[in-house]
Amino acid sequence: SQQGEEDPQALSIQEGENATMNCSYKTSINNLQWYRQNSGRGLVHLILIRSNEREKHSGRLRVTLDTSKKSSSLLITASRAADTASYFCSRNDMRFGAGTRLTVKP
Amino acid sequence: GAVVSQHPSWVICKSGTSVKIECRSLDFQATTMFWYRQFPKQSLMLMATSNEGSKATYEQGVEKDKFLINHASLTLSTLTVTSAHPEDSSFYICSAQQLNTGELFFGEGSRLTVL
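Taken in order, these protein sequences are the chains called A and B. Here this note's numbering is used: the first residue of the first sequence is 5, the next is one more, and so on. Here this note's numbering is used: the first residue of the second sequence is 3, the next is one more, and so on.
Hints were generated in silico from the structure; no laboratory data involved. Built from N, CA and C at the ideal position, the CB exists for glycine as well. Treat each hint with caution, since some may be false.
[To be verified] Straight-line Cα separation of at most 30 Å, DSBU-like style, residue types lysine-lysine; simulated pairs: (1) B:Lys57 - A:Lys30; (2) A:Lys60 - B:Lys43; (3) A:Lys73 - B:Lys43; (4) B:Lys43 - A:Lys74; (5) B:Lys22 - A:Lys30.
[Said to hold, decoys possible] Stretches of chain A that chain B covers, calculated by requiring three or more beta carbons in the stretch to come under 8 Å of a beta carbon on chain B: (6) 36 to 47; (7) 90 to 96; (8) 101 to 108.
Excised from the complex, chain A in its bound form (with noise of 0.2 Å):
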C-alpha cells in the first residue's frame, strides 16, 4: 500500500457485535480520516481526527489515535448489515491503506 496499514484485512461479525479496526502509518501526521466504501462506489467521508485529538465519537462511530504509536482504531458499535463494506484510514498526504472488509451478518 502508499502508506500505513489497516488490520485486520478482513473482518466477518454478527449483526448487533462491535467491529474494531486498525490502522497504522509511518510519518508524522496532521490529521487521519476514516472512510467508507461500499462495493464499487466512490468513498465516503466518516471522521477526520486531528493529531492533537485522542478520540472522536459520531453516532455509532468512535475513532481513537494514538499519535506516539501511530496508531488509529475505528470502533463500529451495534453493527449491522448495512455497515458491510470496506473501510480505509487515510493520512493528510491522501493516500490509503490496504483497507479491512467488513461484514456484518444479519
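With chain A fixed as given, assemble chain B onto it according to the hints.
The following block gives chain B in isolation, referenced to the frame of chain A:
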C-alpha cells in the same frame, strides 16, 4: 456534506482510443483534486494530485503522457486516458479537498473497460 460529481460512471471503449473522465465539485471550490485507481478488492492507489492552474503532480510509476490531467477551474478536473489498452481497465475515482477543513469528498467513480 459536499458533493463531488464524477462522469461518466462507466465507459467501454476500444483499444487505442482516448477516454476523458470529469470530476466536479458541485458546491465548493477545490484548488486540489486527487485521482485514484482501484483494482477489484484492492485499495485506492493515488495516481496524481491535480492543482488548479498548474501541472499535476504524478506518483512514481504513473505515466503522465498516458494519464493526462487538466484542472482548469476551481470546480473541475479531468483525467484523460490516452491510447487506452485493456490493462488500463479499472475503477478510477477522484476526490476534491475542501479548503477550509481539509476533508476529502469523493466522486462515485468511473469504471473503464477497454476492449
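**Item:** Annotated coverage of the segment 101 to 108 of chain A by chain B, confirmed only when three residues or more have a Cβ within 8 Å
**Value:** holds (count 4)
**Asked** At a Cβ distance under 8 Å, does chain B reach at least three residues of the segment 36 to 47 of chain A?
**Response** holds (count 6)
**Message:** Does A:Lys74 sit within 30 Å of B:Lys43, going by the straight-line distance between their CA atoms?
**Reply:** 25 Å, holds
**Message:** Tell me if the straight-line CA distance from B:Lys22 to A:Lys30 falls inside 30 Å.
**Reply:** Violated. B:Lys22 to A:Lys30 sits at ~35 Å, over the 30 Å cutoff.
**Request:** Would you mind confirming whether the straight-line C-alpha gap from A:Lys60 to B:Lys43 stays at or under 30 Å?
**Result:** The hint holds at about 28 Å.
**Request:** Assess, step by step, whether the Cα of A:Lys73 is no farther than 30 Å from the Cα of B:Lys43, and give holds or violated.
**Result:** Holds - the C-alpha atoms of B:Lys43 and A:Lys73 are around 28 Å apart, at most 30 Å.
**Message:** So is the segment 90 to 96 of chain A in contact with chain B by the C-beta rule, three or more residues under 8 Å, or is the coverage claim wrong?
**Reply:** holds (count 3)
**Message:** Please verify whether B:Lys57 and A:Lys30 have alpha carbons no more than 30 Å apart.
**Reply:** Holds, because 28 Å separates the two Cα atoms, which is no more than 30 Å.
Comparing the model with each earlier hint shows a violation of hint 5 alone; every other hint is respected.
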